[in-house]
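According to UniProt numbering, the sequence shown is numbered sequentially starting from 1.
Since the hints were made in silico from the structure, they are not lab data. Misleading hints may appear alongside valid ones.
[What the hints assert, rightly or not] The calculated DSS-like cross-link candidates involving lysine-lysine, where the alpha carbons are at most 25 Å apart (straight line), are:
1) K132 / K42
2) K20 / K180
3) K123 / K180
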Amino acid sequence: MSNSEYLTIQIGLKIRNIRKNNGLKLGELADRSGISIAMLSKIENGRVFPTLPTLIQILNTLQADLNSFFSDLSTDETFSGYIFRKRADYQPVSKEEESVGFHYEFALSHTVEKSSVEVSLLKLTPNAQRNKVSTAGFEYIYILQGQVRYELGQEVFEMETGDSLFFDGNLPHVPQNAGKTEAMLLVVYFITL
(Lines of atoms letter the chains of each structure in order from A; the text may use other names.)
(Lines give C-alpha, C1' and ligand atoms only; values in the text may rest on other atoms or scores of the structure.)
Protein backbone atom coordinates (compact mmCIF):
# COMPACT_ATOMS: atom_id res chain seq x y z
CA MET A 1 0.00 0.00 0.00
CA SER A 2 1.44 3.37 -0.98
CA ASN A 3 1.71 6.32 1.39
CA SER A 4 -1.16 8.10 -0.39
CA GLU A 5 -3.39 5.01 -0.13
CA TYR A 6 -2.59 4.74 3.58
CA LEU A 7 -3.42 8.43 4.07
CA THR A 8 -6.66 8.04 2.10
CA ILE A 9 -7.77 5.22 4.41
CA GLN A 10 -6.85 7.23 7.53
CA ILE A 11 -8.86 10.25 6.33
CA GLY A 12 -11.88 8.09 5.50
CA LEU A 13 -11.84 6.32 8.85
CA LYS A 14 -11.51 9.62 10.74
CA ILE A 15 -14.46 11.14 8.86
CA ARG A 16 -16.58 8.04 9.56
CA ASN A 17 -15.69 8.09 13.27
CA ILE A 18 -16.52 11.82 13.59
CA ARG A 19 -19.81 11.32 11.72
CA LYS A 20 -20.82 8.39 13.94
CA ASN A 21 -19.76 10.26 17.10
CA ASN A 22 -22.08 13.07 15.96
CA GLY A 23 -24.89 10.52 15.60
CA LEU A 24 -25.30 11.13 11.87
CA LYS A 25 -26.17 8.58 9.21
CA LEU A 26 -24.41 8.83 5.86
CA GLY A 27 -27.57 10.17 4.20
CA GLU A 28 -27.89 12.92 6.81
CA LEU A 29 -24.31 14.03 6.21
CA ALA A 30 -24.99 14.01 2.45
CA ASP A 31 -28.09 16.19 2.89
CA ARG A 32 -26.31 18.67 5.15
CA SER A 33 -23.05 18.87 3.18
CA GLY A 34 -24.42 18.75 -0.36
CA ILE A 35 -22.04 15.88 -1.20
CA SER A 36 -23.58 12.72 -2.66
CA ILE A 37 -23.96 9.59 -0.53
CA ALA A 38 -21.95 7.65 -3.13
CA MET A 39 -19.01 10.07 -2.89
CA LEU A 40 -19.13 10.15 0.93
CA SER A 41 -19.19 6.34 1.01
CA LYS A 42 -16.14 6.14 -1.27
CA ILE A 43 -14.29 8.68 0.89
CA GLU A 44 -15.15 6.92 4.16
CA ASN A 45 -14.11 3.55 2.75
CA GLY A 46 -10.73 4.84 1.57
CA ARG A 47 -11.53 4.41 -2.12
CA VAL A 48 -11.30 8.11 -3.02
CA PHE A 49 -9.02 10.86 -1.75
CA PRO A 50 -11.27 13.91 -1.26
CA THR A 51 -10.39 17.22 -2.87
CA LEU A 52 -9.49 19.94 -0.37
CA PRO A 53 -12.79 21.85 -0.87
CA THR A 54 -14.77 18.61 -0.41
CA LEU A 55 -12.82 17.69 2.73
CA ILE A 56 -13.29 21.16 4.22
CA GLN A 57 -17.04 21.02 3.41
CA ILE A 58 -17.34 17.66 5.18
CA LEU A 59 -15.37 18.82 8.23
CA ASN A 60 -17.33 22.09 8.45
CA THR A 61 -20.61 20.17 8.24
CA LEU A 62 -19.41 17.86 11.02
CA GLN A 63 -18.18 20.90 13.00
CA ALA A 64 -14.78 19.23 13.25
CA ASP A 65 -11.70 21.26 14.12
CA LEU A 66 -9.35 21.33 11.11
CA ASN A 67 -6.17 21.46 13.21
CA SER A 68 -7.08 18.47 15.35
CA PHE A 69 -8.26 16.51 12.29
CA PHE A 70 -4.88 16.81 10.58
CA SER A 71 -2.71 16.66 13.71
CA ASP A 72 -2.28 12.88 13.89
CA LEU A 73 -2.43 11.96 10.20
CA SER A 74 0.74 10.49 8.75
CA THR A 75 1.75 9.23 5.34
CA ASP A 76 3.13 6.01 6.75
CA GLU A 77 3.36 4.06 9.95
CA THR A 78 6.67 4.14 11.76
CA PHE A 79 8.14 0.66 11.90
CA SER A 80 10.38 -0.36 14.77
CA GLY A 81 10.71 -4.00 13.78
CA TYR A 82 7.17 -5.05 14.69
CA ILE A 83 3.56 -3.83 14.65
CA PHE A 84 1.23 -4.76 17.51
CA ARG A 85 -2.51 -4.11 17.30
CA LYS A 86 -5.10 -4.54 20.04
CA ARG A 87 -8.35 -6.06 18.80
CA ALA A 88 -10.19 -2.86 19.78
CA ASP A 89 -8.00 -0.87 17.34
CA TYR A 90 -9.24 -2.70 14.22
CA GLN A 91 -11.30 -0.38 12.02
CA PRO A 92 -14.49 -1.47 10.22
CA VAL A 93 -14.17 -0.99 6.46
CA SER A 94 -16.72 -1.52 3.68
CA LYS A 95 -14.90 -2.82 0.62
CA GLU A 96 -17.69 -3.71 -1.78
CA GLU A 97 -20.57 -1.27 -1.97
CA GLU A 98 -23.14 -3.83 -3.13
CA SER A 99 -22.41 -6.60 -0.65
CA VAL A 100 -24.66 -7.94 2.09
CA GLY A 101 -23.29 -9.60 5.22
CA PHE A 102 -19.60 -8.85 4.53
CA HIS A 103 -18.01 -7.16 7.56
CA TYR A 104 -14.29 -6.36 7.08
CA GLU A 105 -12.08 -5.05 9.86
CA PHE A 106 -8.86 -3.34 8.82
CA ALA A 107 -6.13 -4.90 10.98
CA LEU A 108 -2.80 -4.06 9.32
CA SER A 109 -1.16 -2.56 6.29
CA HIS A 110 2.56 -2.13 5.88
CA THR A 111 4.88 -1.55 2.92
CA VAL A 112 8.04 -3.65 2.75
CA GLU A 113 10.60 -3.11 -0.03
CA LYS A 114 8.28 -2.24 -2.93
CA SER A 115 5.54 -4.57 -1.78
CA SER A 116 2.68 -4.24 0.62
CA VAL A 117 0.80 -6.57 2.90
CA GLU A 118 -2.72 -5.86 4.15
CA VAL A 119 -4.39 -8.03 6.79
CA SER A 120 -8.14 -8.03 7.44
CA LEU A 121 -10.69 -10.06 9.34
CA LEU A 122 -13.80 -10.86 7.32
CA LYS A 123 -17.00 -11.89 9.10
CA LEU A 124 -19.60 -13.50 6.84
CA THR A 125 -23.17 -13.71 8.05
CA PRO A 126 -25.17 -16.75 6.88
CA ASN A 127 -26.96 -14.57 4.29
CA ALA A 128 -23.80 -12.86 2.98
CA GLN A 129 -23.78 -12.19 -0.75
CA ARG A 130 -21.92 -10.23 -3.39
CA ASN A 131 -20.66 -10.67 -6.93
CA LYS A 132 -17.23 -12.10 -7.73
CA VAL A 133 -14.43 -9.53 -7.63
CA SER A 134 -10.83 -9.39 -8.83
CA THR A 135 -8.06 -7.74 -6.83
CA ALA A 136 -4.48 -6.72 -7.57
CA GLY A 137 -1.83 -9.00 -6.09
CA PHE A 138 -2.17 -12.29 -4.27
CA GLU A 139 -4.48 -13.33 -1.44
CA TYR A 140 -4.19 -15.80 1.42
CA ILE A 141 -7.40 -16.92 3.10
CA TYR A 142 -7.46 -18.78 6.43
CA ILE A 143 -10.76 -19.97 7.90
CA LEU A 144 -10.85 -19.03 11.59
CA GLN A 145 -14.38 -20.33 12.21
CA GLY A 146 -17.31 -21.67 10.29
CA GLN A 147 -17.86 -23.23 6.89
CA VAL A 148 -17.12 -21.35 3.67
CA ARG A 149 -17.72 -22.17 0.02
CA TYR A 150 -15.01 -20.26 -1.85
CA GLU A 151 -15.58 -19.70 -5.58
CA LEU A 152 -12.33 -19.02 -7.44
CA GLY A 153 -12.54 -18.78 -11.21
CA GLN A 154 -14.31 -22.01 -12.23
CA GLU A 155 -13.24 -23.87 -9.06
CA VAL A 156 -15.26 -24.22 -5.85
CA PHE A 157 -13.54 -25.02 -2.55
CA GLU A 158 -15.53 -26.29 0.44
CA MET A 159 -13.59 -24.90 3.41
CA GLU A 160 -13.89 -25.26 7.17
CA THR A 161 -12.04 -24.06 10.26
CA GLY A 162 -8.28 -24.40 9.74
CA ASP A 163 -8.37 -24.65 5.93
CA SER A 164 -6.46 -22.11 3.85
CA LEU A 165 -6.24 -20.94 0.27
CA PHE A 166 -3.57 -18.88 -1.53
CA PHE A 167 -4.33 -17.48 -4.98
CA ASP A 168 -3.77 -14.80 -7.60
CA GLY A 169 -6.34 -12.10 -6.84
CA ASN A 170 -6.83 -11.43 -10.55
CA LEU A 171 -8.95 -14.59 -10.67
CA PRO A 172 -12.60 -13.64 -10.04
CA HIS A 173 -13.49 -14.82 -6.53
CA VAL A 174 -16.11 -14.71 -3.81
CA PRO A 175 -16.53 -16.45 -0.45
CA GLN A 176 -19.97 -17.67 0.61
CA ASN A 177 -21.00 -18.70 4.10
CA ALA A 178 -21.92 -22.39 3.77
CA GLY A 179 -23.13 -22.72 7.36
CA LYS A 180 -25.92 -21.47 9.59
CA THR A 181 -23.66 -19.40 11.86
CA GLU A 182 -21.23 -16.54 11.25
CA ALA A 183 -17.98 -17.50 9.52
CA MET A 184 -14.73 -15.64 10.17
CA LEU A 185 -11.81 -15.47 7.73
CA LEU A 186 -8.32 -14.04 8.01
CA VAL A 187 -7.64 -12.35 4.67
CA VAL A 188 -4.08 -11.35 3.75
CA TYR A 189 -3.40 -9.32 0.58
CA PHE A 190 0.11 -9.28 -0.93
CA ILE A 191 0.60 -6.43 -3.39
CA THR A 192 3.74 -5.61 -5.39
CA LEU A 193 4.15 -1.85 -5.86
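These are the hints, each one checked on the structure:
For the suggested pair K132 and K42, the alpha carbons sit about 19 Å apart, so the restraint of at most 25 Å is met. For the given pair, K20 sits about 31 Å from K180 by alpha-carbon distance, which is inconsistent with the 25 Å threshold. For the proposed pair K123 and K180, the alpha carbon gap of about 13 Å is at most 25 Å, so the pair holds.
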